[in-house]
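Sequences and hints are given; from them, build the entire structure.
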Amino acid sequence: MLESQVSELQSGSLARIASAATAAELEQVRVDVLGRKGSLNQLSKEMSKLPPAEKPAAGKLLNAAKQAIETAFDTRHQQFADAALRARLDAEWLDLTLPPPGPRLGHLHPITQIRSEIEELFVSFGFAILDGPEVETEYHNFDALNIPADHPARDMQDTFWLTGGNLLRTHTSPVQVRGMERYQPPLRMIAPGRVFRNESVDASHEHTFYQVEGMMIDREVSVAHLIYFMKTLLTAIFKREVTVRLRPGFFPFVEPGFELDIHCLICDGAGCPVCKQSGWVELLPCGLVNPNVLRMSGIDPEEWNGFAFGLGLTRLVMMRYGIDDIRLLQGGDLRFLNQF
Amino acid sequence: LKFSYNWIREFVEGLDTPAAELERRITMKTAECEGIETVGALLADACAARVESVAPLDGTHNVVAVVEAGRYGRKTVVCGAPNCRSGVVSAYAPVGVKTVYGVQSDGMLASGAELGINRDAAGILELESQTGAPLPGLAPDNIIEIDNKSITHRPDLWGHHGMAREVAAILGNPLRDPVKLESIPDSPSRVRIEIPDLDLCPRYSALVFENVTVKPSPLWLQYRLTAIGLNPINNIVDLTNYVMAEMAQPMHAFDRDLLRGNTIWARPARAGEFIVALNEERYDLNPANLVIADAGGPIAIAGVIGGYDSAITGATTSIVLESANFQAASIRKTSAALKLRTDASMRFEKSQDPVNTVRGLARAVELLREVSPGARLVGGLADCMKPMVAPPPISLPLDWLTRKLGRPVPPSEVREILERLAFGVSESAPGRFSVTVPSWRATKDISVKDDLVEEVGRMIGYDSIEPRAPAILATVPPANEERVFQQNLRALLAAQGFTEVYNYSFVSEDAARAFGFEPADHVTVANPIASDQALLRLSLLPEIWKNITENAKHLDTFRLFEIGREIHKSAEGLPDEITHLVAALYNKEGDGREGLFEMKRVALCLLPGGELRPAEARAYEHPARAADVLWRGGTVGRLFELHPRLVEGRAAILDIDLRLMESLAAREKRYTPIRRYPASAFDLSVIAGVRELAGGLSDKLARFAGPMLESIEYVREYSGPPLAEGQKSVSFRLTVGSAERTLSSEEVGQIRAGIIEGMRGLGYELRV
Numbered sequence: 006m007l008e009s010q011v012s013e014l015q016s017g018s019l020a021r022i023a024s025a026a027t028a029a030e031l032e033q034v035r036v037d038v039l040g041r042k043g044s045l046n047q048l049s050k051e052m053s054k055l056p057p058a059e060k061p062a063a064g065k066l067l068n069a070a071k072q073a074i075e076t077a078f079d080t081r082h083q084q085f086a087d088a089a090l091r092a093r094l095d096a097e098w099l100d101l102t103l104p105p106p107g108p109r110l111g112h113l114h115p116i117t118q119i120r121s122e123i124e125e126l127f128v129s130f131g132f133a134i135l136d137g138p139e140v141e142t143e144y145h146n147f148d149a150l151n152i153p154a155d156h157p158a159r160d161m162q163d164t165f166w167l168t169g170g171n172l173l174r175t176h177t178s179p180v181q182v183r184g185m186e187r188y189q190p191p192l193r194m195i196a197p198g199r200v201f202r203n204e205s206v207d208a209s210h211e212h213t214f215y216q217v218e219g220m221m222i223d224r225e226v227s228v229a230h231l232i233y234f235m236k237t238l239l240t241a242i243f244k245r246e247v248t249v250r251l252r253p254g255f256f257p258f259v260e261p262g263f264e265l266d267i268h269c270l271i272c273d274g275a276g277c278p279v280c281k282q283s284g285w286v287e288l289l290p291c292g293l294v295n296p297n298v299l300r301m302s303g304i305d306p307e308e309w310n311g312f313a314f315g316l317g318l319t320r321l322v323m324m325r326y327g328i329d330d331i332r333l334l335q336g337g338d339l340r341f342l343n344q345f
Numbered sequence: 006l007k008f009s010y011n012w013i014r015e016f017v018e019g020l021d022t023p024a025a026e027l028e029r030r031i032t033m034k035t036a037e038c039e040g041i042e043t044v045g046a047l048l049a050d051a052c053a054a055r056v057e058s059v060a061p062l063d064g065t066h067n068v069v070a071v072v073e074a075g076r077y078g079r080k081t082v083v084c085g086a087p088n089c090r091s092g093v094v095s096a097y098a099p100v101g102v103k104t105v106y107g108v109q110s111d112g113m114l115a116s117g118a119e120l121g122i123n124r125d126a127a128g129i130l131e132l133e134s135q136t137g138a139p140l141p142g143l144a145p146d147n148i149i150e151i152d153n154k155s156i157t158h159r160p161d162l163w164g165h166h167g168m169a170r171e172v173a174a175i176l177g178n179p180l181r182d183p184v185k186l187e188s189i190p191d192s193p194s195r196v197r198i199e200i201p202d203l204d205l206c207p208r209y210s211a212l213v214f215e216n217v218t219v220k221p222s223p224l225w226l227q228y229r230l231t232a233i234g235l236n237p238i239n240n241i242v243d244l245t246n247y248v249m250a251e252m253a254q255p256m257h258a259f260d261r262d263l264l265r266g267n268t269i270w271a272r273p274a275r276a277g278e279f280i281v282a283l284n285e286e287r288y289d290l291n292p293a294n295l296v297i298a299d300a301g302g303p304i305a306i307a308g309v310i311g312g313y314d315s316a317i318t319g320a321t322t323s324i325v326l327e328s329a330n331f332q333a334a335s336i337r338k339t340s341a342a343l344k345l346r347t348d349a350s351m352r353f354e355k356s357q358d359p360v361n362t363v364r365g366l367a368r369a370v371e372l373l374r375e376v377s378p379g380a381r382l383v384g385g386l387a388d389c390m391k392p393m394v395a396p397p398p399i400s401l402p403l404d405w406l407t408r409k410l411g412r413p414v415p416p417s418e419v420r421e422i423l424e425r426l427a428f429g430v431s432e433s434a435p436g437r438f439s440v441t442v443p444s445w446r447a448t449k450d451i452s453v454k455d456d457l458v459e460e461v462g463r464m465i466g467y468d469s470i471e472p473r474a475p476a477i478l479a480t481v482p483p484a485n486e487e488r489v490f491q492q493n494l495r496a497l498l499a500a501q502g503f504t505e506v507y508n509y510s511f512v513s514e515d516a517a518r519a520f521g522f523e524p525a526d527h528v529t530v531a532n533p534i535a536s537d538q539a540l541l542r543l544s545l546l547p548e549i550w551k552n553i554t555e556n557a558k559h560l561d562t563f564r565l566f567e568i569g570r571e572i573h574k575s576a577e578g579l580p581d582e583i584t585h586l587v588a589a590l591y592n593k594e595g596d597g598r599e600g601l602f603e604m605k606r607v608a609l610c611l612l613p614g615g616e617l618r619p620a621e622a623r624a625y626e627h628p629a630r631a632a633d634v635l636w637r638g639g640t641v642g643r644l645f646e647l648h649p650r651l652v653e654g655r656a657a658i659l660d661i662d663l664r665l666m667e668s669l670a671a672r673e674k675r676y677t678p679i680r681r682y683p684a685s686a687f688d689l690s691v692i693a694g695v696r697e698l699a700g701g702l703s704d705k706l707a708r709f710a711g712p713m714l715e716s717i718e719y720v721r722e723y724s725g726p727p728l729a730e731g732q733k734s735v736s737f738r739l740t741v742g743s744a745e746r747t748l749s750s751e752e753v754g755q756i757r758a759g760i761i762e763g764m765r766g767l768g769y770e771l772r773v
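The listed protein sequences derive, respectively, from chains Z and R. Per this note's numbering: the first sequence = residues 6 to 345. Per this note's numbering: the second sequence = residues 6 to 773.
Just so you know, nobody snuck in bad clues.
Within a straight-line C-alpha distance of at most 30 angstroms, the following computed DSSO-like cross-link-like pairs (lysine-lysine) qualify:
#	chain 1	residue 1	chain 2	residue 2
1	Z	K236	R	K454
2	R	K7	R	K338
3	Z	K281	R	K154
4	R	K593	R	K551
5	R	K674	R	K605
6	Z	K281	R	K7
Pairwise CB distance ranges, derived in the manner of DEER restraints:
#	chain 1	residue 1	chain 2	residue 2	range
7	R	G40	Z	E204	16 to 26 angstroms
8	Z	D136	R	R772	48 to 58 angstroms
9	R	A670	Z	P108	18 to 28 angstroms
10	Z	R332	R	V489	28 to 38 angstroms
11	Z	G170	R	A144	53 to 63 angstroms
12	Z	S205	R	A25	28 to 38 angstroms
13	R	E667	Z	S129	18 to 28 angstroms
14	Z	Q189	R	P201	45 to 55 angstroms
15	Z	E125	R	K593	35 to 45 angstroms
16	Z	Q189	R	Y719	53 to 63 angstroms
17	R	D596	Z	L94	32 to 42 angstroms
18	Z	A29	R	G759	49 to 59 angstroms
19	Z	E32	R	E599	47 to 57 angstroms
20	R	E418	Z	Q189	33 to 43 angstroms
Derived, one-sided and incomplete: chain R residues facing chain Z with beta-carbon distance under 10 angstroms:
#	residue
21	M33
22	N153
23	I336
24	K338
25	K409
26	A476
27	T480
28	Q492
29	N508
30	S510
31	P533
32	I534
33	E567
Don't read these hints as lab results, they were simulated from the structure. All values derive from a computational prediction rather than experimental measurement. Where a beta carbon is used, it is the ideal one built from N, C-alpha and C, also for glycine.
Given below as structure tokens:
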């Protein structure tokens, strides 16, 4: 009697579970069958009326039916949940090709970028990075660098003079002097910064540009060291082996003074229009620090030696990125600056 | 400066190195060459030719000339020169056949300008040569151009003979000296020289010539001058220029008959004196200018230019030839003050060799014989000079030389190099040379042993020095915190979408005024390129404003920034350079509110915990949208919207004084323990006037909340019904807690009640 009731409930419930079309219908089945007042509980109450000898078998039967129904329910319930999640997620479709809100990454000025690169390089060589004022005294810009008043070398740098007698520094070399005034040798330093020349502006001339001055003072510093150092440095800057040569160049604050040329990066020394077929490109002035300069800064030239060089940062930036008009660098045009 | 290969070859025996190779060698060992130019190419094949006949070419000013052209035979050429006439001997150049006005013209008759001999293009050259003869002393030449800057320190290289000395030393060829000092007779001079200050004029030498004929120079001389860029004028002037170009010794010729008296002074000008110079300009002089004067006054500006009144003319028959030496600084000052740079002043300002004055005169005597046959030297040399003291020899330790170059050079090679450059070398001690310096290198160029390092180094070739790694101490360099600080700010701004610009340090008066600055408050440039670039910026804003208006032409929205220095006048010493950061955020559309708050967000990224305090707007600021930026107790900058009259669209701007900001930046951080006991939060809404600052309300609430307040956050604000017109309700969420325990709900309630009571005491109603 009970046996048939149980099997009827089981098959009937499983059929209802299987045919439930919605999560709500399924829930109704759970309430009807598995709920506190559901059919299974009814049957289990009736079972309690059976004689004790029949109870174990009947209980087993009922439990098996309950488990079968619960398993079917859970499976079906999970199916509805999965479907619902799928539907929700599908509805959340997004066009990821749309532009995101908010600003894009900004761009650092190309001079800033190359300057940082060079600064890091020098710091790794143990160089200090020093700063100096953009408005300089005549003494620091010229006299202390062995360029006295009325020396024709002053013509090499057309100067912006300020009312009152100071000037806009024409090179970063005065920071050498300030470095020597501030630190005792041995000394390794660079000074990147803005410099000024009283020149009309065109595609290849600017009145405002950037240099990196470098100096090393130690007991034993020779031309051989200078060449080694410049070669190592330039290889790191250009990220390739560079061929360098030194030839005489006149700069009053060094003796001997050099122009350093590198093999043209376009033709690798074979000759091309960029290097005017010479295979060489003039890159930077350098030399051994003139003993007068050391002496003026209170350093004994018999004991200490040094080399110094000046790297044209603006020029390097133009070479690196193939910029053919120097005016772009200080033109503030974002269509240009956003390329870097 | 231009150098003629042929001219150099006159002094360097056996010179056969091609010009291009010579240029390279000079560049590597002496001075920078800027290129080679071939001149007089037509001269290679040109010859003297006689015009046999001429026939007019109808309808043109040309003639058809039949010429007898030596080895080229009889040629028909069309010629437009007015002096093309039958019987004249001119220069024929076989340049090929072309048809001119329907006539086959085979080759050409050439003018001096066409051949490169001089600048005379008015007519064809007229020669006194045999038909068919090559043009006398004229051949194609290579002109090597040297960068003037690279010979600033070498007075001797401002003439061909000096350059020839270098070439001879480089190549190892013998050098020929064109000077014959014996050309100057030893007899009393006809002029007297007076030099009151021998420091300003260390030497003045002169010769007097009579029976001079002023006429054009021989063609070879005209060609030489033309080839190096000088303009042939007449034989006397050309002679002085020739000696200058050869010996680096500037000279001047006075018409002796136009001089007043027999005494020549080299003296400072007197106040009020003036001179009309050869260029027919009048120059007012002062005692800082050295002049050459006769009894009547200045006849030349010493070392710069001659006077018009005593200049050589076609009528000149007697000349005084000046060959002097002047103090470089004095000449340079005068030349700069008068804005008059001449071939002479360029040389004198390099410190010329006083020994050279007489050498120049001796050379001139020889040349004058050729350019003005019959000219007669009268009397001997007038020569007034400061006693010349030979500089002491330089002691050159050879091991020191090795230490400097980083490579040993055999003593014999050092000696050979120096001797070829005319230094005197003796071994004063083992391993030590005593070196005497030739007079032309001793004026400024070479005085210490370091200078000799360069002489040896350049001649052995720097390529011969093996690069060597320096042995240096491994040390950590002193940090530059300012740079790190600025780099971090740059990176942060770029990450927030700002692009970095670099602007000039100059501003115009108009731009300065637009931003409320008085032009007089600026540091000013005494010699600006243009009048609108005469002030040094007191603020980065004027240029940023320009960036905004320029970029707004192309872009609807953008962000940019600059880190640069403001330059402020200071009472003493150098101006105060204060690094500022200015960032700008531009939107073409909108009411500007969004941009300002975005800029405030960015400001708070830069300045965590910073606050804005609304402040009275400046002329260029939106009158209702300007605030001081407060940070760690300092007013570090300004945040505002650019006044809408200055820009189409909206621009939010942040301007921060980085020096002040860096000084306030925390150097150290300490950890605070995280609270262990839960905090409680509640909301309060304050009713206030619509322009009441939320920041002010927040401060008041915080004050009444007392020490248990952990945080107070703005939630929202509301205006509209049921609030009265002109009122708003501002809601805040307050979080209170204790480090020791969990607050009871009664305690939280007391804090809340205390706030409400306090605010009511200030006249605020609260919506609770």
